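Protein chains: 2
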Amino acid sequence: MDTELLKGTLSLLILSLLSRQSMYGYEIASTVHRDTDGTFTWREGSLYPNLHKLEADGLIAGAWEEKETGRKRRYYRITKEGRAALKSKLQSWSELCAAVNRILEKSHGQA
Amino acid sequence: MDTELLKGTLSLLILSLLSRQSMYGYEIASTVHRDTDGTFTWREGSLYPNLHKLEADGLIAGAWEEKETGRKRRYYRITKEGRAALKSKLQSWSELCAAVNRILEKSHGQA
DNA sequence: GATAATACATAGGAATTCGATGTATTGGAT
DNA sequence: ATCCAATACATCGAATTCCTATGTATTATC
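Going down the list, the protein sequences come from chains W and D.
Here the first sequence is numbered in this note's numbering, starting from 109 and rising by one per residue.
Here the second sequence is numbered in this note's numbering, starting from 109 and rising by one per residue.
Honestly, the hints are just simulated from the structure, not real lab data.
The structure displayed is predicted, hence computed values, not measured ones.
Be a bit skeptical, because a hint or two may be false.
To be verified - If you anchor each label on the Cβ, the simulated ranges turn out as follows: (1) D/T139 <-> W/E135: 17 to 27 Å; (2) D/H160 <-> W/E152: 14 to 24 Å; (3) W/G153 <-> D/Q199: 33 to 43 Å.
To be verified - Computed list of lysine to aspartate or glutamate pairs in EDC-like fashion (alpha-carbon distance at most 16 Å, straight line): (4) W/K161 <-> W/E189; (5) W/K188 <-> W/E213; (6) W/K214 <-> D/D145; (7) D/K214 <-> W/E163; (8) D/K188 <-> D/E203; (9) D/K214 <-> W/E213; (10) D/K195 <-> W/E135.
Every residue, glycine too, gets a C-beta built ideally from N, C-alpha and C.
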């Protein structure tokens with residue numbers, strides 16, 4: 109399996125969020141923070157380099173947009189390659205969960 | 109939450125296995141490999157340094173045992189501190205799963 | 001007797017994430 | 001009107017984790 113996933117929930121969640129709608133960096137971070145009740149609190153030092161890497165890999169595409177207010181944001185959308193990568197990462201994630209839980213269940217009574 | 113867990117399923121699973129019975133390194137690796145149908149294939153370069161670290165942190169304790177055959181193995185048992193750490197890691201793991209799945213469900217139909 | 005499997009170990013490197021720091025704009029409070 | 005918090009982007013260096021490669025030695029199998 110893709111061992112990258114052992115650490116890489118960040119890419120998985122970014123791709124998952126963008127598969128629904130385009131978002132900009134700060135929005136992604138605050139959405140994840142809110143929706144997980146603070147379980148995930150990505151710092152800028154984690155988020156932006158990861159976005160740049162995903163873009164360099166062609167999984168997402170960014171474009172600057174200037175609102176009427178003057179605030180500039182970089183909106184990201186998922187690419188075709190990104191959707192394929194997401195599908196594969198979803199598969200890896202569920203395999204990882206299943207494997208871990210299988211071990212845990214054998215040792216304890218719970219999942 | 110303990111962000112270490114994003115990557116650290118290794119320590120979690122080692123502690124979980126040892127909470128049932130004492131085991132030696134090679135046995136841990138092959139057990140996990142077998143029980144997860146090959147999803148996890150830890151290499152020596154991952155396993156042994158991790159065992160050493162867990163021992164240095166006082167979460168497990170190792171002792172050499174020489175079988176009648178002459179083969180020497182280092183058996184590890186979980187310590188009291190190890191059990192406390194395991195409890196905390198189990199909690200973190202279930203939080204992580206819940207948080208990830210909550211995001212995934214919002215974006216797709218599945219978990 | 002040779003080879004594969006068992007059983008341990010470490011060194012070096014690749015990849016990921018965090019902490020710290022920096023710049024600039026916008027909105028609200030005093 | 002001015003200050004401060006929040007927004008919005010960015011990068012550098014450090015810490016951590018894990019893998020590849022390599023090494024040693026013993027036991028079992030052919």
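We went through each hint and held it up to the structure:
1. One distance hint, 17 to 27 Å for the beta-carbon pair D/T139 and W/E135, is violated here, with the actual separation near 44 Å.
2. As the Cβ distance of D/H160 to W/E152 is approximately 34 Å, the hint placing it in 14 to 24 Å is violated.
3. Between W/G153 and D/Q199, the C-beta spacing of about 26 Å breaks the proposed range 33 to 43 Å.
4. As the CA atoms of W/K161 and W/E189 are separated by approximately 14 Å, the hinted pair is consistent with the 16 Å bound.
5. Between the alpha carbons of W/K188 and W/E213 the distance comes to roughly 38 Å, so the proposed pair goes past 16 Å and is violated.
6. About 14 Å separates the Cα atoms of W/K214 and D/D145, which keeps this hinted pair within 16 Å; it holds.
7. Distance restraint check for D/K214 and W/E163: the Cα-Cα separation of roughly 23 Å exceeds the 16 Å cut-off, and the hinted pair is therefore not satisfied.
8. For the hint pairing D/K188 with D/E203, the CA-to-CA distance comes to about 23 Å; that exceeds 16 Å, so the pair is violated.
9. Taking the CA atoms of D/K214 and W/E213, the gap is about 27 Å. The hint is violated against a cut of 16 Å.
10. Restraint check for D/K195 and W/E135: the C-alpha separation of about 34 Å exceeds 16 Å, so the hint is violated.
Hints 1, 2, 3, 5, 7, 8, 9 and 10 from the list above are not met by this structure, while the remaining hints are.
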